[in-house]
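Residue numbers (this note's numbering), protein chains in the order written: chain A, 1 to 253; chain B, 1001 to 1087.
It is possible that part of the hints are untrue.
Cut-off 25 Å, straight-line C-alpha distance, at most; resulting in silico cross-link-like pairs (SDA-like, lysine to any residue) [as the list claims (entries may be wrong)]:
{"#": "1", "chain 1": "A", "residue 1": "K19", "chain 2": "B", "residue 2": "I1064"}
{"#": "2", "chain 1": "A", "residue 1": "K223", "chain 2": "B", "residue 2": "K1042"}
{"#": "3", "chain 1": "A", "residue 1": "K223", "chain 2": "B", "residue 2": "C1062"}
{"#": "4", "chain 1": "A", "residue 1": "K223", "chain 2": "B", "residue 2": "Q1031"}
{"#": "5", "chain 1": "A", "residue 1": "K223", "chain 2": "A", "residue 2": "Y149"}
{"#": "6", "chain 1": "A", "residue 1": "K19", "chain 2": "B", "residue 2": "P1050"}
{"#": "7", "chain 1": "B", "residue 1": "K1013", "chain 2": "A", "residue 2": "Q4"}
{"#": "8", "chain 1": "A", "residue 1": "K82", "chain 2": "A", "residue 2": "P171"}
{"#": "9", "chain 1": "B", "residue 1": "K1056", "chain 2": "B", "residue 2": "S1041"}
{"#": "10", "chain 1": "A", "residue 1": "K223", "chain 2": "B", "residue 2": "W1040"}
{"#": "11", "chain 1": "A", "residue 1": "K230", "chain 2": "B", "residue 2": "Q1036"}
{"#": "12", "chain 1": "B", "residue 1": "K1078", "chain 2": "B", "residue 2": "G1021"}
{"#": "13", "chain 1": "B", "residue 1": "K1056", "chain 2": "B", "residue 2": "G1014"}
{"#": "14", "chain 1": "B", "residue 1": "K1013", "chain 2": "A", "residue 2": "R185"}
{"#": "15", "chain 1": "B", "residue 1": "K1078", "chain 2": "A", "residue 2": "Q4"}
{"#": "16", "chain 1": "A", "residue 1": "K183", "chain 2": "B", "residue 2": "C1037"}
{"#": "17", "chain 1": "B", "residue 1": "K1056", "chain 2": "A", "residue 2": "V3"}
{"#": "18", "chain 1": "B", "residue 1": "K1009", "chain 2": "B", "residue 2": "L1044"}
{"#": "19", "chain 1": "B", "residue 1": "K1042", "chain 2": "A", "residue 2": "A2"}
{"#": "20", "chain 1": "A", "residue 1": "K223", "chain 2": "B", "residue 2": "V1046"}
{"#": "21", "chain 1": "B", "residue 1": "K1042", "chain 2": "A", "residue 2": "A221"}
{"#": "22", "chain 1": "A", "residue 1": "K230", "chain 2": "A", "residue 2": "G150"}
For the record, the hints were derived by calculation from the structure and aren't laboratory data.
One letter stands for each residue in the lines below.
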Amino acid sequence: MAVQPAMPRSWRRESKPHKFCPGCGHGIALKALGQAIDELGIQDRVVFGCDIGCSLLTWDFFNVDTVQTHHGRTTPVMTGIKRANPNLICIAYMGDGGGYAIGAQHLVNAAGRNEKITVILVNNTQYAMTGGQMAPTTLPGQKTETTPYGRDVELTGFPTQGPEMVAAITPEGAYVARGTVSKIRQLQKMYVRALLNQIEGRGFSFVETLATCPTNWRTNAEKTWAFLEKQMPEYFRVGELKVPLTTEGAEEA
Amino acid sequence: MAHFEPITKEVKKGYFAIFPGLCKGCGLCIQKCPKQCLTWSKTLGVYGTPTVIPDKGDCISCGICAQVCPDCAILLAKDKQEKQADA
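Pulled out of the complex, with its shape left as it was, chain A reads as follows:
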């Protein structure tokens, strides 16, 4: 047999090429997540929950048990599964619409209760599946379908600082970080730590991932990287915001 693509083992090859647009950050984030699952060897215990939005296109992405829920309700569904069977490792995968807009109540309450689940939120600064409308994370001045003159912060407020909020309301034992798909090794380490935090039963793990959306940003490859690496980190600072004291080697990232 000829050489085969170097996909993570937990990816489902039959469903590839996946359904995301060319250049979509979901592919890179899910590659890092697949590598993290492989590294920990937990593929048979993972339950993967996907939200509505572009993130629902992951429903056949991994060779793990997957459930697709109502918009923003991935966090409570995963909480229920985790409470029913604490041996499972529950990953709630959502976009910024599912986490900060319609599902904000669930995210806040699950974080406040310190549920032992892992939430991975992919932030591409707008609602991508419906055509690029303004989301809670749209940057000030950014042009979208519903803000053709740029986001006016007087009228619509400032972008949501999700990890900062989660870090503020979670008790001790939570892991909160913000990664970016332009730093894949760091992102993969964050996913590994978030999953380990859940496996060891310390508390809520939350990783926001800054991702690309060339289709709705209307950017070419060069401008896509520029927007992700220069404009987004100006407002969304990348790094670990809250690390449980017992996580080994956590200070290096």
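Got chain A sorted already, so can you dock chain B onto it with the hints?
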């Protein structure tokens, strides 16, 4: 198991393989190449967009293109022997 046919090209330190059945032609790898040696190829990918191919002399097999590819369409192997063993 799904099967993808690679197009391989020998470079200095091994070989570069691109899977047109996976490549969507987003061009993220071209921007990230530290040697700027990736160019559009004549082979078309899964969406009918061009795939990429490296310049044989410049590619240093660093693997950044394979790392940033959202579709895992690029594979870089440092060993030339391995290709013969596998193929």
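Kindly indicate which numbered hints from before are broken by the structure, ordering the numbers from low to high. none
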